Every structure is written in structure tokens, then in C-alpha cells.
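Colleague: The chain contents come next:
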Amino acid sequence: MDHLSTALNHAQSMGAEYADIRIQKTTRETIFLMDLSLKNTSRNVEHGYGIRVMKNGAWGFAHSNIFSNDEVKKTVEKAVKVAELSAKIKKGKGLTLAHERGYIDSYSTKIQIDPFKVPLSEKVDLMLEVNKTLLNYSKIKRAFFMLDMLNDDKYFASTLGSVIHSNTYYINPMISATAVNDKDSQTRSFDEGGYGAGWEHVLKMNLVQKAVQIAEEAIIKLEADEPGEIRRRDLILDPNHLGLTMHESVGHPTELDRVLKWEADYAGVSFATPEKLKKYRYGSEIVNFVGDNTLSFGLATAGYDDDGVPGQKWYIIKDGILNEYGTTRDTAPFIGENMSRGCNRATYYYDFPINRIPNLYLEPGKKLLSPQELIADTEDGIYIEGRGSFSIDQHRVNFQFGGDMFWEIKNGKKVRPLKDVLYKSCNPEFWNSCDAICDARYWKDFGVTNCGKGQPPQTARMTHGAATARFKKIRVGGSK
Amino acid sequence: MTDKQFQKAAKFIENNCSADDFSLFMYRSDETATRYAQNMITQNMTGVKYGVRLNVAYGTQTGSARINSLDECELKKMVETAQNIAKLNKPDPEFVPSTSKAKIPKTDNLSENTVKFSMKEMVDVIKKTVDNAEKKKAFVSGIVTKRVTDSYLKNKNGFEGFDSSSEFENSMTMADNKTREAKVERSVKDVNDYSIKKEIDQLNSRFDALTEPKKIEAGQYNVILRPQAVINFFSFLLYFFDRKNADYGVSAFHNSIGKNMFGKNFSLISSLDEKDLTASAFSGDGLAARNIDWIKNGVVKELFTNRSYAHKIKAEPNFIPNVIIRGGNATEEEMMKKVKNGLIINNFWYIRTVSMRKNEVTGLTRDGIYYFENGKIKHSVNNLRFNEVLHDAAKNILLLGKEDNIAAGTKVPTMLIKDFTFADTTSF
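Sequences listed follow chains A and B, in order.
For what it's worth, numbering that gives the first Met the number 0 labels the leading residue of the first sequence as 0, then goes sequentially.
For what it's worth, numbering that gives the first Met the number 0 labels the leading residue of the second sequence as 0, then goes sequentially.
Please keep in mind that the hints were generated in silico from the structure rather than gathered at the bench.
One thing to keep in mind: the hints can contain errors.
Claimed, not checked - A few chain A positions that, by computed beta-carbon distances, are all more than 12 Å from chain B:
#: 1; residue: HIS2
#: 2; residue: ASN68
#: 3; residue: ILE285
#: 4; residue: ASP329
Claimed, not checked - Pairs of lysine-lysine, PhoX-like flavour, derived with a Cα cap of 20 Å:
#: 5; chain 1: A; residue 1: LYS89; chain 2: B; residue 2: LYS48
#: 6; chain 1: A; residue 1: LYS182; chain 2: A; residue 2: LYS138
#: 7; chain 1: B; residue 1: LYS135; chain 2: A; residue 2: LYS38
#: 8; chain 1: B; residue 1: LYS48; chain 2: A; residue 2: LYS73
#: 9; chain 1: A; residue 1: LYS87; chain 2: B; residue 2: LYS300
#: 10; chain 1: B; residue 1: LYS394; chain 2: B; residue 2: LYS417
#: 11; chain 1: A; residue 1: LYS116; chain 2: B; residue 2: LYS86
#: 12; chain 1: A; residue 1: LYS472; chain 2: A; residue 2: LYS409
#: 13; chain 1: A; residue 1: LYS87; chain 2: B; residue 2: LYS155
#: 14; chain 1: A; residue 1: LYS116; chain 2: B; residue 2: LYS100
#: 15; chain 1: A; residue 1: LYS24; chain 2: B; residue 2: LYS48
#: 16; chain 1: B; residue 1: LYS258; chain 2: A; residue 2: LYS182
#: 17; chain 1: B; residue 1: LYS135; chain 2: A; residue 2: LYS90
#: 18; chain 1: A; residue 1: LYS92; chain 2: B; residue 2: LYS126
#: 19; chain 1: A; residue 1: LYS138; chain 2: B; residue 2: LYS48
#: 20; chain 1: B; residue 1: LYS119; chain 2: B; residue 2: LYS196
#: 21; chain 1: A; residue 1: LYS116; chain 2: B; residue 2: LYS76
#: 22; chain 1: B; residue 1: LYS177; chain 2: A; residue 2: LYS275
#: 23; chain 1: B; residue 1: LYS155; chain 2: B; residue 2: LYS100
#: 24; chain 1: B; residue 1: LYS394; chain 2: B; residue 2: LYS263
#: 25; chain 1: B; residue 1: LYS126; chain 2: A; residue 2: LYS260
#: 26; chain 1: B; residue 1: LYS196; chain 2: A; residue 2: LYS38
#: 27; chain 1: A; residue 1: LYS72; chain 2: B; residue 2: LYS213
#: 28; chain 1: B; residue 1: LYS394; chain 2: B; residue 2: LYS213
#: 29; chain 1: B; residue 1: LYS300; chain 2: B; residue 2: LYS263
#: 30; chain 1: B; residue 1: LYS119; chain 2: A; residue 2: LYS131
#: 31; chain 1: B; residue 1: LYS177; chain 2: A; residue 2: LYS260
#: 32; chain 1: B; residue 1: LYS10; chain 2: A; residue 2: LYS418
#: 33; chain 1: A; residue 1: LYS90; chain 2: B; residue 2: LYS136
This one's a predicted model, so the numbers in the text were calculated from it and none came from an experiment.
Idealized CB from N, CA, C, for every residue including glycine.
Whole structure, please, built from the sequences with the hints as guidance.
Modeller: See below:
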């Protein structure tokens, strides 16, 4: 705790207008089983601190992994020097920060069984059983199982008076099976994208049963027909698939740093510009997207963000209209907002925090509706489960998405499996074509632990959620 | 960091490690990165990162641990963690012992000029970039990065390697408030080989050539792919290049070795003989680098083969020390005259696999796309989505330009390719 006050006092004595220090220890255990070979069983630790100062309206950031008061002071001095250099290239008076106050608080992910304390043999036995189950099918030639567990133990302190401790976890088992015949290879995966929980989450999953399902469906895909020429059909998308669809076409376009073109050189910008706020019809009237960094088990739920702003819940799209962005303390003032929505996050201690997608979900439909009833109500469509090939332009308008499992729907029934299905759509066509969302009984959350953004690149995590939904007359078919 | 400091830490680890086999990898990376956007600096960061990774084995039971410190207490804990994992782990049926002593090729990956390049000089580079954008009433965004990395590998069976490398990189995107958006990016080993004037001139040239884009529809077009587009597109080959996936029928490379799959104009190699290019001298699992023809004049010669699979099939293992796609001598003007019309593509974006078995990928154009006709650029066009098979595109190469060192370890040419498949148009 000494280091926290040393850093802040020294930064203030050097004329910093604002400073914070983030001491972060990230522990990650990864077990990677390829077929029946344990390719990697590792425990990795990144431990250090990052010091961020604002001076003369510009940011400076320096990091170190040496824990002594002298080194902390040297790191502050580097950060201040960097800020002074940054201030030579700024607009007007430079950056300002949205209002915030100090907090003394702590937050922990609610885990029942610490995944790092579960015996290795229990984890590896389960993984081997899963991959043996997959490889028991003669057409399954490759079996993949990655078990990824992470703990972030973080102290944050700022010159606003905040001292915040957070201790967050996630766990993510990812399994895939690849079936091969003379003409083709097809992969089917089980990947829920990570969950803010402990080992108890894995125990509830019945992964051996899931392995049977994905092996059989990989083989079904192998023998399935391709969808043929691209034509307009209805799409019914399951919650897992929708998780990545909303991530790409709603989450990223509503990050304020993209809107401000701060990511123009790499990750891209956004079509959802500020003059569209409160009036742009992003989706149909039943489309409501909520940013919620208080979501139970959410991957972006950490109590506070790396600006020291508390987790919040707000409408990003309300009744189909663009309502608000995900913001940070340094971006919010550019659109006249005096408070941040708390979306600033860094990956490791040595990363500078950047504007990130919050936990973001599509609210369930208000009328009682099941996926079976939705299929029964569809004459000509395709039902897509899971995540596949995803690609979207750098303005977040035009996209082509695939999936993991596909079923043709004719006259209210799933009539046959398909493979290699792609659909092409754009904003705002896609979310405006949403005419039905199943009710809250079918809402489910899915994680993303590898959201790449920033220069140098960082990966962030967040949770998305949805109930199965239908999109009318979308262009769907084969690849060309 | 010197090899002696690494060796001291290695000695400590070796003295504390009781495993039958071990492999130790350490690095130190001193990095400063300054980001700018909309003509102002938005992030500026500096610091040194360390990494120490230890793989151990008892028999065929393996374990691994990684920390970011050379502190001896932490190193001791790391050794215990890796050993405990290995002792509790199941045997790995594909385990291979660590490599033995090998002659590591000499590489010249470090430039003192880059080491000495200061943070102030980095900001000066950005100042020139921003001044240029303001003169053009435009906005520039990007990142200037300087990175100096030392790496060291030692294992139980005698392999020991040390390497130092440097990299300076500037990536800049200039846009106006309408539709014009152009980018240039380059990384070099020696900062003295980087000319900000030359890069700004190229950025201006690309930016000035942009007009209000005219709408074009999806279809097959002749394309001139500039180097950044070439590497972003063909680098996907490296994802599909795994020998085991090929042998098991998972990828398009099934039964491909020795066959002309890519056409005579396509050669992809790794070479330690290119003085202007960096190359990894050794891999993280203890292989010394060597020159490799992956694809020569269209014929698949060698696929990526890791040590355990190489052992199983009795092949020589390999890794990818750097990437060179062989070029020719054609200029862009000659390429434009070679075909009646076509598109010049500066860059691709968000490329993803459509089908590994078909070698098919999708992605979009970005950072400027121009329509040319009768040997001249006529106007900009809207961005397009491609769905294309990598080896089909390679077979359709008509002309190759000179190789361009677009990154410290990457050299590729501009290419003229006929009938490139764009599956969709976009709205901008």
C-alpha cells in the first residue's frame, strides 16, 4: 500500500493534474490438449504496476515490475516526462477528464470453487475423457480442448482519493472436433466464451455429453449440403451466435473512442456518430441493448473500471434508437458528457487502459415466445447456432458472418442440416429486420475473452447475452 | 540485458531444477509506444517487460510456468510450480525431449541507431506527421513504436541461444471529414533506414489520389495488390500450413507436397541471407533457423512441422524465421497497362477463414481503393468484400513488382492478379 501513496504523492509533487497507479497481478492457468497429447500445461504470472499521469492536458504512462519506493518514484518520473512530451502535440488545452469522485471499496467475483486450487489431475482427467469421447468417432480426426482460467488481483489508487481492490476470475473450457472425409473437413465447437465464475461452472456443464453432441454434429456437417446461391431468407440466430454478432455490430460501433476516431489507424472508427444520438433508428422497436458492468458473472464486471469509475447499467439502444455510448473519463467530455460510463480497461499492468465494450446484452422479448414456436412460425429460413467466420468493415457497417451449425427451415420445420453458410448484411438493415425475440426463459449469456483492440494490441473480456431472435429477409447462402 | 545476465538466471534455475528435462526461455523487451489520433497524442507509454518461461518434464509428464521477473525468490517459485505441474500431470504420448546443442546461424537483428533513438525523436516524427496533415486540412492517427528485445533459450540437452533485435515502426492513417482515408505503415530494424519524408510523401500520394468513391458492384476484377494487402492476404497461408492438419485431411494442403498448387509466379520462402531483413535465429522450442523454400514457383516444398509430429513421421522439424514472397521487376504503371482495367488495393482488413479445407478466406478492402483503366488511375471506388481461395489467387498472378521491406522481418512485392473474387459491395 506504501507504493500507492508514494506514486500519487510523487506525481502531484511533479505537477501532475491527475495520477493513478494500478498494481496488478494476473495469474493464468492454461491446459491445452490436442487429440490425446498435453501440449501445454502452464501457470503464468504477470505482476507489476502501471502509473498514469495527466500533465498539461496530456497522458503519460510508465510501468515497472520492480516493487521498491525508489523504482516507483522513477516510474512516476518517466510517466511525467512522457506526459510533458505528449503535451507538445495536443489540441487547445488538451485532454480533460469527466467528473468523478474517490472511492474506498473492494470487489470480488463470487466463486464457489477456486479453479486454481482444483487438483490438476481432476482437470486433466476430464479433458482426456472429453477428447477420448470425440476421437471414438472414426470420422473425428482432430480433437481440441483448451481450459483457460484467469485471476486478476488489482489495487487501484488515484489522486481523487480512490483506493479500490478487485479480485476477479474467469473460466473458459473450449472444445472442438474436426471430422474429415475424402472431400471435406468440418469442425464443430463447444465454446461459451468464458464465465465470471469458478470451477463449479465447469462441473455444471456436462462436457462429456457436449462432446458427444459436437462430434455427432461435426459428422452431420461433413455430409450436409451447402446452402446454394445467396438469396434473402429469414435467419433465426441462437444466443451464442448473437453474442458475437452484437459484439461486432453494436458493441464496437458504440465505443466512444472509435466514434471520436481515436482508433482510426487500426481497429477502425464508427458510423454511429454523435449527431445520431437519441434519433438514429439502429434497430426495430423491439431491439433494446443494455450496457451493464454490474451483471452477475459478467466478464467486464469488476466493481470499477481502470479510471476508478463504478460499474453501471444503461441503455445503449432503447426501443431501437441509438441512446448512449460506452465511455471513459477522457472521451466523455468530447460529446459534452460530464460523467463516464466506466468502460476504461487495460489487459495487463503494462497496458494503458482504453475504451472497451461493456457487458452488453439484448433484452429478451416481452411476449412469451420459445425458439420452437419461432421456428414453427418461419416458412423459409436458416437456423444458426454458435460462432463461425466473422468479418466486418472498419466503420462497423457491412459484415459477413458465418456460424457453427446450420439447419434449413421450411414451412415451420427444421428439415435438413447445412454447412458453410454465410450471411451478408449491414447496419442499420440487420437490427431493423429483427421482428421477434424469444422471452426471458431463453435468455442466456456468453463471454468473449479475446476482444482484440488497441496499439500495441490488447485483449479484453466482456459478456454478451440474448434470447434466440429472428431476422427477416437477410442475404444468406454459400461463400461466393 | 546481456547474455551473461540471462546465463546467471539460467544457472540459478538449473541448480534448483530436479526435472529430467527442461527448456528455459527468457526475454527482456524495452518498448516505448506513442499513439496519436486526430492530430494529437492520445497515449504515450514506456517501460521494460520481462518474461521467463520454464518447461520441465519428468519422463513424459510435462509442466510449464512463466513469470515476469528475474528475482531469485520468484524464479525459485516458478521452478517449483512447473515441477509440481509436471509431477501431477498425465504422460504426454507425443512428448519429445529437448533439442541438443546446435549451430545457431549468425543473424544481424540489432541496430544501435534504433537503440539510441529517443522518446523526443519519436515525438518529432509525430510532429512532422501532424504538421503535414494540418497543411492538408486532414486528420492523422497512428502509432510510433520503438522496441529493443533480448532473448535467450537454454535447455537440458545443450541447446543455448541468445539474440538481440530492434524495431522502429510508424503506422499512420490520414483521413478527411468526408470519405478519404489512406494509410502507410512500415517497420525497420535500423531507424536510419526509415525516412519520414518518404513515408509522408507516399501517404500524401495515396491520399491525393482518392476522390469521392464511385459505386461498383461485386464481381471478379483484375487487382493490383500493394505490399500491405499482399502480406495481409497471403499470411493466412501460414495459419493453414500445419503438416499434421494437412496429413489428416483437415486443410487444403492434404497430399500437396511436391505438387504445383500455386502457379509458377508464387514463391514463399524464409531466408537468413537477406541482409536488410531480420530473422529469428532460433525457435522457442530449440530449433536453429535455416533457409526454407516453403513454396517454390508454385510447388509446395515444405509445411510447418513441429518437433513432435516431425519425430513421428521422421521429417525434419521447422519454424518460420521470417517471411519473403518473391517479387519481380514490374512497376505499377506496367501492371496498369498489362490489363484493360482493374482495381488498386492498398490494404485488406478483418480477414477470416471461410474454409480451411478449401484455403478460402474473406475480408474487406481498406485505406484506399482506386479504379484504373487504360493504364491510368481514374477514380476511387467504394470498398468491397472478397471471398477468395489463396492458391487460386496465386495461380492468377500476372506480374510481380519489386520486393518491399514492409516490416523488419517481412518482404513482399506488389502483385497484379487477374479475376480476384469480390463477393459483396459495401456502403462506403
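Colleague: Hint by hint, note whether the structure agrees.
Modeller: A quick look at each hint next to the structure:
no. : hint                  : verdict
1   : HIS2                  : holds (15 Å)
2   : ASN68                 : holds (17 Å)
3   : ILE285                : holds (24 Å)
4   : ASP329                : violated (8 Å)
5   : LYS89(A) - LYS48(B)   : violated (28 Å)
6   : LYS182(A) - LYS138(A) : holds (12 Å)
7   : LYS135(B) - LYS38(A)  : violated (53 Å)
8   : LYS48(B) - LYS73(A)   : holds (16 Å)
9   : LYS87(A) - LYS300(B)  : violated (53 Å)
10  : LYS394(B) - LYS417(B) : holds (9 Å)
11  : LYS116(A) - LYS86(B)  : holds (16 Å)
12  : LYS472(A) - LYS409(A) : holds (14 Å)
13  : LYS87(A) - LYS155(B)  : violated (51 Å)
14  : LYS116(A) - LYS100(B) : violated (38 Å)
15  : LYS24(A) - LYS48(B)   : holds (14 Å)
16  : LYS258(B) - LYS182(A) : holds (18 Å)
17  : LYS135(B) - LYS90(A)  : holds (17 Å)
18  : LYS92(A) - LYS126(B)  : holds (17 Å)
19  : LYS138(A) - LYS48(B)  : violated (45 Å)
20  : LYS119(B) - LYS196(B) : holds (18 Å)
21  : LYS116(A) - LYS76(B)  : holds (16 Å)
22  : LYS177(B) - LYS275(A) : holds (17 Å)
23  : LYS155(B) - LYS100(B) : holds (10 Å)
24  : LYS394(B) - LYS263(B) : holds (7 Å)
25  : LYS126(B) - LYS260(A) : holds (19 Å)
26  : LYS196(B) - LYS38(A)  : violated (47 Å)
27  : LYS72(A) - LYS213(B)  : violated (56 Å)
28  : LYS394(B) - LYS213(B) : violated (29 Å)
29  : LYS300(B) - LYS263(B) : holds (13 Å)
30  : LYS119(B) - LYS131(A) : violated (58 Å)
31  : LYS177(B) - LYS260(A) : holds (13 Å)
32  : LYS10(B) - LYS418(A)  : violated (55 Å)
33  : LYS90(A) - LYS136(B)  : holds (14 Å)
The structure shown violates the earlier hints numbered 4, 5, 7, 9, 13, 14, 19, 26, 27, 28, 30 and 32.
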